[in-house]
Amino acid sequence: MAVSSSLLTSSLQGSMVTPKTLKCCTEFKCNPSNLSFQQSRHTKSMHLTHLGLLPSRKLSIWEQTDRFSSKDRIQCRAFEVENAPSFSVGKKFHLDDIIEAQQFDRDTLSAIFEVAHEMEKIEKNSTGSQILKGYLMATLFYEPSTRTRLSFESAMKRLGGEVLTTENAREFSSAAKGETLEDTIRTVEGYSDIIVMRHFESGAARRAAATASIPVINAGDGPGQHPSQALLDVYTIEREVGKLDGIKVGLVGDLANGRTVRSLAYLLTRYQDVKIYFVSPDVVKMKDDIKAFLTSKGVEWEESADLMEVASKCDVVYQTRIQKERFGERIDLYEAARGKYIVDQDVLDVMQKHAVVMHPLPRLDEITVDVDRDPRAAYFRQAKNGLYIRMALLKLLLVGW
Amino acid sequence: MAVSSSLLTSSLQGSMVTPKTLKCCTEFKCNPSNLSFQQSRHTKSMHLTHLGLLPSRKLSIWEQTDRFSSKDRIQCRAFEVENAPSFSVGKKFHLDDIIEAQQFDRDTLSAIFEVAHEMEKIEKNSTGSQILKGYLMATLFYEPSTRTRLSFESAMKRLGGEVLTTENAREFSSAAKGETLEDTIRTVEGYSDIIVMRHFESGAARRAAATASIPVINAGDGPGQHPSQALLDVYTIEREVGKLDGIKVGLVGDLANGRTVRSLAYLLTRYQDVKIYFVSPDVVKMKDDIKAFLTSKGVEWEESADLMEVASKCDVVYQTRIQKERFGERIDLYEAARGKYIVDQDVLDVMQKHAVVMHPLPRLDEITVDVDRDPRAAYFRQAKNGLYIRMALLKLLLVGW
Amino acid sequence: MAVSSSLLTSSLQGSMVTPKTLKCCTEFKCNPSNLSFQQSRHTKSMHLTHLGLLPSRKLSIWEQTDRFSSKDRIQCRAFEVENAPSFSVGKKFHLDDIIEAQQFDRDTLSAIFEVAHEMEKIEKNSTGSQILKGYLMATLFYEPSTRTRLSFESAMKRLGGEVLTTENAREFSSAAKGETLEDTIRTVEGYSDIIVMRHFESGAARRAAATASIPVINAGDGPGQHPSQALLDVYTIEREVGKLDGIKVGLVGDLANGRTVRSLAYLLTRYQDVKIYFVSPDVVKMKDDIKAFLTSKGVEWEESADLMEVASKCDVVYQTRIQKERFGERIDLYEAARGKYIVDQDVLDVMQKHAVVMHPLPRLDEITVDVDRDPRAAYFRQAKNGLYIRMALLKLLLVGW
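Protein sequence lines, in the order shown, are assigned to chains U, S and V. The first sequence begins at 0 in my numbering and counts up by one. The second sequence begins at 0 in my numbering and counts up by one. The third sequence begins at 0 in my numbering and counts up by one.
None of these hints come from the bench; they were simulated from the model. All clues given are correct.
Given that identical chains are not distinguished, each listed pair holds provided it fits within a single copy or across any two copies.
Calculated pairs, BS3-like style, for lysine-lysine (alpha carbon to alpha carbon, straight line, at most 30 Å): (1) Lys120 x Lys132; (2) Lys176 x Lys284; (3) Lys383 x Lys132; (4) Lys290 x Lys176; (5) Lys383 x Lys247.
Throw the hints in and build the complete structure from the sequences for me.
The following block contains the structure:
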């Protein structure tokens, strides 16, 4: 959702929250039936929305002389505000949307992880399992991603919420029907309380959030972001290794195309004394933007061709799949790359006892099946953590802390 | 559903309801396990159904000498009755199925709108939000229509009901499996309490309703009917303009192929002193059947090529999309037609302050995006009204008034 | 699920249950966070699972000196046990998975049918309708089967449970993503409490059950098994005819390819004095393996080309569809086969009054539509019985007897 409603809340409550920019202001009269007065999910204060306003002008306050009848026109003012996905009040954080890994600072991460950890303890038919009763989540998938969809839907249902599903969202924008993403969002927000969107286009989630008056979670937008995956990766490291500061992480495999390793590298800059090792075939090396960013943030990194040596030093060996679909017709390059760094029993043998192997899944043969039986194989627990992180995000966006 | 069960109810209760025709009568003996004794959703009285009877003979009464054991055969009589989708008892209406816009008279419309208006006020986790708890709706879609499906599913879930979804209903009648619509309905009615069906063939909904012993809602059958859309259109006019008698409506765009404008024109004949303006490119003009029908009902109408003049007079400018898929290879004709009548700021400028712009959505560019910010742009509120209308229909069909 | 957890339960409880084999034993130390301590669904006793163990070694017991901190390693032992889908304790049965018709003996069938019969009586919003509240079923369909899917989902929801749906499970193992069935199962079991799987490959359900730590129901695996269909067929015979011992059943149509008739023939060997008649075109005759099995179990059978004579003798005429898709390009053979044995009014005329016609559905024209009106046409009741059987299975697997 756009921050507008929160801004109004602020102005009504005198809170200290200040949105970045307040660009312009329109005045108009309107039919009261066009205005909707809703209680904020976060602060329990009331705010006003107007269905006829452009998303970026959604904030409106009003002047009225007395109790209006349905015939009266009301004097309204609309402010245009910049979109800021999340901001903090006091010690806690307001999450309006989940758009990208970059939106989370260290304190937000820590607070989300605390909620995720509580989620692990929720039992069937307990009060906790009903905190989202009456809420409706729309999963709006423009491309199939069954794993991610089921994880979000399970999270919602584990908290007593309900789900509207479509894996066929492309139909909205199909050749024959062809509506804009913005129009689709304004329709779907009428049916639900939160939108989880998967899209094939980078930036789509941000556009959706700018339009929607309800929270939007980016469940992957093309080569762009997949923030809940980034969160579950960091959460898993904390749960498995017990710390994040001072951690040594080996990122292995397709570092050029894998958005998970890029996001993970990004989020690790939030912690101190982190050391990152890049281990990848030449054709899919980590790109310079991330390396430069890590350096600018004081995170030590090095590239290595020796998986065994890296594995022996690291707390986390984060393996990834070489993505065949990125190689087009160069199957020869793909075949050369995919076999180069395999996590197998030999790698386990040099790893420290407390270290873990992670993988965003699905895996092909970049981790051999015999590794599964080792307690340090953390990837299925990691997938399960995705459930807890998503439960936490849904709770935070819908009912707050 | 067929009216049979209501008829039985009537005969048992001595109510004044009389179905149109009672064609014939068969007598047979049957195994008691073939009979099912159910409480009517509408009247709380009991009625009898028999799984082995043809749909049109579903009504049966029985004679028995005493408490039957499972070994006895029971003497049954089956009556064949004409299907009549809805009929009234006293001041209120029994809705058995929602098949076509024509089934609603003015009083029924008014009563449905009253319920829809109540639906707008239902709050999360209130008693009202649970009135369909325990009910199961099957959305049986033979072609995808994500917008309509999500709207119905949201409506059901907002009232505490549950949903079985398929967008893949064509599989039932696929080449390999190939069963009739009637057989599919008799299977699906065993799994659910109400069927919402989208089909590619005109008349399919009526066939389904004639077969089913549970209510059927037509969510669009090919070029045929889409009655919940027609209802939400009329409801939106009433909510936005505040009246229906004396209304002036401009129907713009594809009037030849658009079933929404045809149904809307039809329903407007239920009101007094209505004036309709048709504004459309020549290739997609309103067909003569509707014009003749309007005339026969005393509704004034005229065709106009001047959108600006019509817009300045009307309470409602109802814009529609020119449907490219209807033009086949004549892309030239399509391109000529689609650009001809656009609702933009200039049109808004001549419209009256109380008037509104409506559109069944999705839109392409027949309404420019800058119109969205005007409070008179009612199309997203119209989409939202679809939710309330569908909540009302589900409530009325499942638990009555 | 693998039986391992039950074994542990046994050893902890001192119960008399003894699994077939206990192959080997490993000792290792592990991080306590890798262990999960869960209450058994069946016996309410606690058991231990370890996420890092191979499925076939999932059982583990542990030694510890005192209350462990999160830093300690725990001494574990893993046992490899043979997979045995179900076994009995006292008078009742533990169902761990539903994999194949063969897993049910006469007592188990009888006990399941008793539960199914109770399910018929569950009323909306009664306590019974909420016994699976808080449970989540994943329907993992690698090929579409809308009829079967809706039946299972209806069953789950009728008992208050929730559903995660995918008809797109092939995406997990698609060319680009390509994970093994085992990996998919280990991901999906993290999201749900029970998996209902449809797969295109014979044996897939058994592999899934060997991997999963939660119950798996086979909803059809290719040409292999479809055990809930087999159960509902036998249940329907008992409900319709009132007995199973001494029953005379005519199996008609495609006996070579129809897995339903093969499973039904198999299950009928559980009963006494059964007589089976095979009536089928030559190209799709019942195969020798089933005939030999029937003979070995003392079940009388004969082949006949005279449907009328068989129909006059039988309690059940079980008609099946000739499956066009099995004939490839030999449409001529298909056409010859499909018209040969039709159940119509003439067949009904020679059938006994208490006998019934069954069919697994969908039907084409192998039963004429006029048969539907006869009370002895049991096929739609049979489909409905599928709901009750599936409700019973879900209840038994999730909350026990």
